Amino acid sequence: MLSLEGITDSIHNWLNHALNPTLAMLSEFVMVGLCVITLFAMLGLVLIMMERKVSAYMQVRIGPNRVGPGGMFQTLADTLKLVVKEGLTPDGADHFLFNLAPFVVLSASMLALAPVAFAKGFQVWDLPIGILYVSAISSVSVIGILMAGWASNNKYSLLGAMRSGAQIVSYELSAGLSVLTIVILTGSLRISDIIQAQQDGWWIFKGHIPAIIAFVIFLIAVTAETNRAPFDMAEAESELTAGFHTEYSGMKFALFFLAEYVNIFIVCAIGAALFFGGWMPFHIGHWESFNHIMDFIPSSIWFTGKTFALIFVIMWFRWTFPRLRIDQLLNLEWKYLLPISMANLLLTTFVAIKGWYF
Amino acid sequence: MFLKKYISDIFNAVGSLLKGMRLTGFYFTHHKEIITQQYPDNREQLNLPERFRGEVVMLHDENNEHACTGCTACELACPNATIKIITKFDVTPEGKKKKALDTFVYHLELCTMCNLCVEACPTDAIKMAQTFEHSVYDRSQLTKKLNRPGSKIREGVE
Amino acid sequence: MMSANAVIFYMLSVFVLSAGILSVTSRKIFRSAIWLLFSLMGIAGLYFWMELDFLAAVQIAVYVGGIVVLIIFSIFLTEQSGREMQGPPLARNIFSLLAVAFGFVLTWLLIYRYGFHAGGRKFDPGVGRIGSQMLATDGQGYALPFELASVLLLSAMIGCIVIAMKTTKKSDA
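Chains as they are written, first to last, in our numbering: chain S, 7 to 364; chain L, 223 to 380; chain A, 259 to 431.
Quick caveat, the hints were computed from the structure, so don't treat them as lab data. Note that the structure is predicted; figures quoted are calculated from it, not measured. Treat the hints loosely; a few may be bogus.
Simulated pairs of lysine-lysine, DSS-like, Cα-Cα distance not exceeding 27 Å [as the list claims (entries may be wrong)]:
1. S/Lys341 - L/Lys241
2. S/Lys341 - L/Lys226
3. L/Lys320 - L/Lys367
4. L/Lys374 - L/Lys321
5. L/Lys226 - A/Lys424
Taking the hints into account, I'd like the entire structure generated from these sequences.
Shown next, in the form of structure tokens:
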């Protein structure tokens with residue numbers, strides 16, 4: 007079977023054989039960069055198409071259906087339109103920061119992609135603090151949003167940015183605490199360790215009650231962190247026109263849009279790695295023959311399936327729930343999610359010490 | 223009890239959220255429920271809802287007779303001054319003068335399809351039609367005369 | 259010919275220093291904050307370069323995610339944050355330059371006299387080790403400072419709540 011791990015290994019060996027180590031490393035940098043940019047573009051196209059179709063079916067509509075078979079090329083056409091559109095910079099804006107902000111947001115999501123394990127042994131950077139790294143980097147995108155909001159010189163943008171900042175900073179707490187439950191159960195922050203620990207069953211089954219509570223809190227918190235409905239206070243079309251990206255147009259707007267969807271992909275990939283074993287096939291305890299059958303499905307397919315299932319759930323949230331008000335939003339975090347996740351953390355610690363997980 | 227209320231709040235919230243998700247999930251999996259109509263393509267078998275309101279028309283029967291008495295109730299009911307009724311006086315066989323409709327002028331460009339005129343009409347002379355392709359090249363074409371030429375009031379309608 | 263390692267180090271250092279200088283000299287307060295952010299990010303990059311992943315992630319989480327966001331929020335809440343600020347008076351400029359020069363000379367002398375040599379003993383910056391060191395009570399442990407810091411933060415938090423709490427007047431009825 008063709009495994010991605012084998013391909014990367016052979017490329018690495020060949021490069022080191024043909025070039026000196028520095029050049030080999032540089033060319034690997036370039037290749038990884040190209041792969042990530044391609045992945046970004048593909049993800050943007052696929053996820054936006056998916057969102058439009060999902061929203062359409064949930065709202066009893068058909069959705070895009072004219073460009074290409076079943077409307078498949080609609081997002082491509084839209085991208086083309088955005089690329090050729092004029093990227094306007096308002097007169098009163100702080101030009102430098104205004105133009106920098108989309109790149110900060112996009113770079114933050116690009117950096118956060120590094121520890122995501124796409125398949126067995128197929129990972130950009132398996133650093134020993136993977137999970138902590140992701141939650142640290144995800145806070146950088148707040149700065150990009152605040153920058154965009156302030157530099158636009160527009161009251162709606164500023165309000166949207168402020169709301170977004172308050173929201174992301176507060177929901178980061180419960181997202182972090184729910185991630186910690188799995189870290190406690192695994193005893194490692196490294197993503198490959200966390201996935202390896204789920205060889206005999208995914209944490210959502212092995213960790214039973216605490217893991218399920220943590221998973222629900224994680225889903226809610228990451229929905230809020232990616233600024234998606236029902237937590238899209240930062241954009242809030244009905245109140246703030248478009249929030250922090252009101253003044254953006256053309257490609258700069260597209261970058262914000264792309265970053266939003268890539269962020270969804272990243273948080274879902276992390277969620278899949280934590281609770282559903284990432285690329286790990288569905289294994290049950292020591293049923294060797296069953297596990298062996300499951301291993302025939304390639305790990306990349308497992309990863310993609312789980313991640314897209316989680317993305318679908320988050321889209322399902324968006325097209326079902328009404329938006330929260332800003333005070334309800336903060337109430338939910340500080341009065342419900344945070345106390346529950348703290349209690350859950352204690353429960354998990356107790357379970358882990360007693361060894362009451364499978 | 224504070225704690226009891228807190229916990230029951232959480233369970234109620236989760237329950238109601240799941241209820242909503244069940245409905246959208248049902249729609250997502252049942253594509254037969256889709257109500258979108260691909261308009262220019264299905265012009266032949268267009269399926270308009272019963273209460274769709276396109277424009278005001280006057281009903282004429284096979285003898286080219288209508289039921290409008292020219293009472294101007296619709297003109298008074300209209301919020302936009304869409305309707306202008308011009309009346310004349312007919313002479314009845316007994317030699318009496320009687321008020322009758324001369325021209326029912328209808329400004330489609332001003333109409334909001336609010337249906338108030340139809341509700342105001344005491345004799346059900348007008349109704350809302352389902353036609354909706356009203357685009358024309360000149361605004362003056364939207365000013366219509368609703369009673370047909372040569373039509374007269376039906377016998378027995380007061 | 260410098261090794262790639264050294265090139266990366268100098269690039270990061272130039273980035274940190276130039277962002278720092280821009281942060282001090284910028285006339286717009288919001289831009290200063292953003293330059294400060296870049297400077298701190300560069301320092302996190304240096305930590306990554308030294309393979310101190312945990313420290314780097316904490317640097318980003320605390321300084322970028324916490325402190326710079328706080329600074330930006332307070333800038334948002336002040337008036338005239340978009341205006342260009344007046345330059346400081348000449349005397350202040352001169353004394354700041356002098357202070358910088360003295361600080362630089364002092365640091366340089368310290369480093370030069372001490373004569374650091376590369377490649378000493380290896381140390382293990384693993385998260386598990388950091389955690390157990392933080393809570394150890396023996397000679398090398400940091401349990402007491404850790405607890406002191408926790409108590410300080412707790413009291414600060416309670417203070418915040420007390421300040422933010424609405425004082426309900428006792429109703430007459």
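Hint check:
{"no.": "1", "hint": "S/Lys341 - L/Lys241", "result": "holds (23 Å)"}
{"no.": "2", "hint": "S/Lys341 - L/Lys226", "result": "holds (15 Å)"}
{"no.": "3", "hint": "L/Lys320 - L/Lys367", "result": "holds (22 Å)"}
{"no.": "4", "hint": "L/Lys374 - L/Lys321", "result": "holds (12 Å)"}
{"no.": "5", "hint": "L/Lys226 - A/Lys424", "result": "holds (25 Å)"}
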